[in-house]
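2 protein chains.
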Amino acid sequence: MVVKIFVSLKSGVLDPQGKAIERSLHTLGYSEVQDVRMGKYLELNVEASSHEAAESRIREMCEKLLANPVIEDYRFEIEDGTL
Amino acid sequence: MVVKIFVSLKSGVLDPQGKAIERSLHTLGYSEVQDVRMGKYLELNVEASSHEAAESRIREMCEKLLANPVIEDYRFEIEDGTL
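Taken in order, these protein sequences are the chains called A and B. All letters in the first sequence, in the order written, are residues 883 to 965 by this note's numbering. All letters in the second sequence, in the order written, are residues 883 to 965 by this note's numbering.
Mixed in with the good hints there might be a few duds.
[Unchecked claim] If you want the footprint, here are the derived chain B segments under chain A, 3+ residues with CB under 8 Å:
id	region
1	909-922
2	957-963
[Unchecked claim] Heads up, simulated BS3-like pairs for lysine-lysine below, C-alpha to C-alpha not over 30 Å straight-line:
id	chain 1	residue 1	chain 2	residue 2
3	B	Lys-922	A	Lys-922
4	B	Lys-946	A	Lys-946
5	B	Lys-892	A	Lys-886
6	A	Lys-901	B	Lys-922
7	A	Lys-922	A	Lys-901
8	B	Lys-892	A	Lys-946
9	B	Lys-922	A	Lys-946
[Said to hold, decoys possible] One-sided and incomplete, this derived list gives chain A residues near chain B with beta-carbon spacing under 10 Å:
id	residue
10	Phe-888
11	Ser-893
12	Gly-900
13	Lys-922
14	Ser-932
15	Glu-934
Hints in this document: simulated from the structure, not taken from any laboratory. Idealized CB from N, CA, C, for every residue including glycine.
Next up, chain A with everything else stripped away, as it sits in the complex (with noise of 0.2 Å):
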């Protein structure tokens, strides 16, 4: 199965990297754009007998070790097939 894995900082959390991508886009006269907030996207192949199993599984990786429960939020899709 393929996993997608959406981290993202919680709201809140200061998001230096997001701000200079913000100004950054400002500079090059996108100024319609706002709030700009950077995470990360990971994609993997998972070999599990059931959606379900692979579910339980994604979610102990994402809090021991994809993303910081602390001051992130994660989601991911699960879908049938391979990268």
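Knowing the structure of chain A, use the given hints to seat chain B on it.
Chain B alone, transformed into the frame defined by chain A:
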């Protein structure tokens, strides 16, 4: 409107960060995981008269600043509302 942008390395481009995450997951016992690819995830607010207008501006921003079209692919979703 809220725009969610996903930037990932083109297939064939080496991804050392993804490889490092894969090794760490294996060390933690998640051996069912393969082919980890690391990318970027951006969320932002944009003001535009229509989805079509926003789409063309966002595509420009991706080509000029947010992605490196030589080695990265990008896709994005536009939703009504604000972050």
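Starting from the hint list further up, note which numbers the structure goes against and sort them upward. 2, 4, 14 and 15
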